[in-house]
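K.L.:
Sequence:
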Amino acid sequence: MLRFWRATINSRNGLAFAIRSEQAIREEVVALVLSVPLAWLVGATVMRRVELVATVVLVLVIELLNTAIEKLADRLTMDHDPQIGRVKDMGSAAVGVALVMAGLFWLFALAERMGAF
Numbered sequence: 198m199l200r201f202w203r204a205t206i207n208s209r210n211g212l213a214f215a216i217r218s219e220q221a222i223r224e225e226v227v228a229l230v231l232s233v234p235l236a237w238l239v240g241a242t243v244m245r246r247v248e249l250v251a252t253v254v255l256v257l258v259i260e261l262l263n264t265a266i267e268k269l270a271d272r273l274t275m276d277h278d279p280q281i282g283r284v285k286d287m288g289s290a291a292v293g294v295a296l297v298m299a300g301l302f303w304l305f306a307l308a309e310r311m312g313a314f
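The sequence shown begins at 198 in our numbering and counts up one residue at a time.
In silico EDC-like pairs for lysine to aspartate or glutamate, Cα to Cα no more than 16 Å straight-line:
#, residue 1, residue 2
1, LYS285, GLU267
2, LYS268, GLU219
3, LYS285, GLU219
4, LYS285, ASP271
5, LYS268, ASP278
6, LYS268, ASP286
No wet-lab data here; the hints were simulated from the structure.
Could you build the full structure based on these sequences and the hints that come with them?
P.N.:
Structure (structure tokens):
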């Protein structure tokens, strides 16, 4: 039980640091907070509502991982390194893919709500 408690504290600390230090994280937390009531308006079923919020959570998770990669890379060296640059670009691409996926889910749900399907 103590290990679980410590892991919870570490997770809270990591999220708090990410929110304080990264604008993208703050924006995605706001998007998550907004997505909960919007999902109830847009989603035609309970499952669709859960899916809509889950896609926003997934974007936040990937952004947290990308931020961790960037912080670690910057800790290794602040000099320009092409390989580190490519790693950072791949992390950014992962966030971009997740954002496109989330956007498509939301557009599909809107179309479904409007009777297009």
